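Colleague: Numbering (mature numbering (1 follows the signal peptide of the UniProt record, and there is no 0)), first residue to last: -30 to -1, 1 to 535.
Derived by calculation from the structure, the hints in this document are not laboratory data.
What you are looking at is a predicted structure, and each value in this text was computed from that prediction instead of being measured.
It cannot be assumed that every hint is accurate.
Stated by the list, open to error - Listed below are the simulated DSS-like cross-link pairs for lysine-lysine, each with C-alpha atoms no more than 30 Å apart in a straight line:
#, residue 1, residue 2
1, Lys73, Lys166
2, Lys73, Lys107
3, Lys107, Lys166
4, Lys107, Lys128
5, Lys190, Lys128
6, Lys61, Lys107
7, Lys73, Lys61
8, Lys166, Lys128
9, Lys166, Lys61
10, Lys190, Lys73
11, Lys166, Lys190
12, Lys128, Lys73
13, Lys190, Lys107
14, Lys61, Lys128
As the list claims (entries may be wrong) - Computed Cβ-Cβ distance ranges for the label pairs, DEER-style:
#, residue 1, residue 2, range
15, Thr105, Asp155, 16 to 24 Å
16, Glu139, Thr319, 44 to 52 Å
17, Thr439, Gly237, 26 to 34 Å
18, Gln153, Glu63, 16 to 24 Å
19, Thr417, Glu448, 18 to 26 Å
20, Thr341, Asp228, 57 to 65 Å
21, Thr385, Asp95, 53 to 61 Å
22, Ala149, Glu36, 49 to 57 Å
23, Thr385, Gln419, 51 to 59 Å
24, Gly69, Pro430, 57 to 65 Å
25, Thr105, Glu63, 28 to 36 Å
26, Thr446, Glu36, 42 to 50 Å
27, Thr439, Thr221, 51 to 59 Å
Glycine included, C-beta positions come from ideal geometry on N, C-alpha and C.
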Amino acid sequence: MKNKKRKRLKGLAAALLVAALITGCGNAQGSNTQEAEEVAASTQTASDSDPSVQTSASVSAESQVEVDKEFTARDLDIGYEESTAVLIALKGESAEVSGDGAKAEGNIVTISDEGTYVLSGTLMDGQIVVDAEDTDKVQLVLDGVTLSSADNAPIYIKNADKIFITLAEGSENTLTDSAERIQSDDNNVDAVIFSKADLTVNGSGVLNITGNYKHGIVSKDDLIITGGTLNITALKDALNGKDCVKIKDGTFNLTVTDGNGIQSKNGDDATKGYVYICGGEINVLNGQEGIEGTALVIDGGMIDIRVQDDGLNAASGNSSAETEKSGGFGRGGEMGNDTNCYIAINGGTITIDAGGDGIDSNGSIYVTGGTAHISGPEDDGNAGLDYNGSAQITGGTFVVTGSSGMAQGFSDSSTQYSLLNNLTSAASAGTEAVLTDADGNVIISVTPQKQYQSVLISTPDLLKDGTYTLTCGEQTAEITLSGIATSNGQLSGFGGGGEKMNWEGKGPDGSQMPQGSERPDGSQVPQGSERPDDGQIPQGSERTDDGQMPPDGQTPPGGEIGPAL
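Using the sequences provided together with the hints, build the complete structure.
Modeller: Rendered as C-alpha cells:
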C-alpha cells in the first residue's frame, strides 16, 4: 500500500494478462464427464453474447492465479422435482424426514446420500448436516426455512463433492447462529453456512443470515452464487470462499462489523484465492474491506461499497496487515510489488466510499471498461487509487476523489488519457468537481460527500493535446493533456504517473531525473531523501517533469511495458 515505487511491465506479459481478463461471464465445460454433459446443452460464452469481448485462454505471465469465469449448467439450474425429492419438515424442536438419504435425531438432520432435499418450516436450536460421499452432489432446497443454532452452524456441509443451495421461488429463509460455538470436530466451523465442499447458491428466493459468531457463508473450496437475494449481517466476513468467490447474478446486502463483505484468499495454493463478478447487485454497507482477494476480476454488475478501510483490495493469502499497510517513501513500483496480485475492471458500475484506499492492489491494476466513481480517504496515509506495480487504463470511465498526500494516477503504459490534479487546498464535502472541454461541454461532474484535495479522471472523451478546465468550488485549473497520463502537485515519490504540470497546467523547465533521487538496487531510500513529517517531498526528489521513471537499474524484473495492448 504505502511503500511503493512505479514500475513498467513487459508488453507481452501485460497483453497476455489483459487478454485473459477480458473474457466475459458465461457457462462452460465442467471439470468432469457429468458436468460436461450438463453444460453441453446450454453453454454460453462471452463472445456469444457480446462480440466486443474477446475470449482468450491466456494466463498472466506474472500472476499464477487462474481465474475461471465459467459457470456450469448445474450452477444455474434452479429446478427440482418435489414429487421425487426427500422432504424435510422442520417442526419447532424436531424434524420429520419423508424419503431415503436423510435421518432426523432430535433437532439434528443428517443427509448422507446424493439427491434433492426440500426443507421447510422452523427448527429452533437445530442443525442440518451433510455428510455424504466424496462423489455425491446434494441439492438443498430452502422453501420457507427458519433455522437457528445456539452453539454451531445451522447448515454444516461436512463432506460431499458439491452442494447446491436453491432458494425456492417466493420463499423467505432465515438462518441465525449465536456468539457461542462448540466445535464437534477439527474443521473450525465458524459460519452460519459452513461448507468443506464446493458450494453453489442459486434460485430466486430470499436468504437472511445473521452471523453472530463470525462469518455469514464460508466455503473451504469454491463459493459460487448465481441468483437469489442474500441479506447478510456478520461479525466478520459476509461471503468467504477459500479457493474463489464467483458471482453471476443476485442481490446482495452485506453488513459486517469487523471483516470483509466478500473475501477469497488461499495461503496454500498460489493459483487460487480470487473473486470474479460478472453480474448482480452488490451492496457492502459496512465493514473493514469491501471485496478482497489475491485477484479481483469484475466484468459486470452494480457494486456499491461503503467501508472503513479499502474498497477493493488485492492481497495474497500470505499477506499480513503490517506488510499491506507499511508506510514509506514513494508509491508504486517494484518495492513491495506482489506480482501474483491484480485487480481487473472490464465492466460494470462501481461506486466506492472508502475510509482507506479506494482501490488497492499489492500488484497491478487493469481497467478496460465499466464505470467507477471512488470517494477515497480524507487522510494522507491512504489514497483513492493505490498500487505497487502499474495501473493501466485502456477504456471505461474512472473518477477518483480523495486526499493528495499519497495520490497515484494511471501509468504511462495506458492507452486512454487521464489527468490527476492535486488542489492547492482541500475542497469541503459537497463541493462539486466539474471537468469541461475547451467549448465548455461538461465531460465529468461529481459531488463528493467527503473532503478531497485530489481528483483523478479518465474517460474516452479525453484527447491528446486537449485543453480542459477543472473546477472545484472556487479553485479552477486549465489543463492541457500533453501526455497519456498528466498530473500536477506534490506527488509522493514516483507514483503519480504521466506528465507533470503545475496548477496552471504548465510544466516547469527541465526533464531529467534530479541527481541523487534514484533509488538504489537495495530499494533503500537514499539518505536525506526521506519524506519529512510535514508530508512534503524533499527538494530534488520529485518525479521529473517529463514523466521519466527511475533509471534502468531500477526497472523491475518484468522490464518495460509496450505502448498498447
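Colleague: Under the criterion that the straight-line Cα-Cα distance not exceed 30 Å, is the pair Lys190, Lys128 satisfied?
Modeller: holds, 11 Å
Colleague: Is Lys128 within 30 Å of Lys73, Cα to Cα?
Modeller: At roughly 15 Å apart (the allowed maximum being 30 Å), Lys73 and Lys128 satisfy the hint.
Colleague: Holds or violated: are the alpha carbons of Lys61 and Lys128 at most 30 Å from each other?
Modeller: holds, 23 Å
Colleague: Straight-line Cα separation of Lys190 and Lys107 no greater than 30 Å?
Modeller: Satisfied, since the Cα-Cα distance of roughly 16 Å is no more than 30 Å.
Colleague: Need the status of pair Lys61, Lys107: alpha-carbon distance at most 30 Å?
Modeller: Cα-Cα ~26 Å, so holds.
Colleague: Taken at face value, is the distance from the CA of Lys61 to the CA of Lys166 at most 30 Å?
Modeller: holds, 27 Å
Colleague: Does the Cβ pair Thr385, Asp95 satisfy 53 to 61 Å?
Modeller: holds, 59 Å
Colleague: Could you say whether the range 57 to 65 Å given as a hint is met by the Cβ separation of Thr341 and Asp228?
Modeller: violated, 30 Å
Colleague: Does the Cβ pair Thr385, Gln419 satisfy 51 to 59 Å?
Modeller: At 32 Å between Cβs, range violated.
Colleague: Is 57 to 65 Å a correct range for the gap between the Cβ atoms of Gly69 and Pro430?
Modeller: holds, 58 Å
Colleague: Could you check the hint for me, namely that Thr439 and Thr221 are 51 to 59 Å apart, CB to CB?
Modeller: Given range 51 to 59 Å: violated, Cβ gap about 40 Å.
Colleague: Starting from Lys107, check that the Cα of Lys128 is at most 30 Å away, please.
Modeller: Holds, because 13 Å separates the two Cα atoms, which is no more than 30 Å.
When each numbered hint is compared with the structure, violations occur for hints 16, 17, 20, 22, 23, 27.
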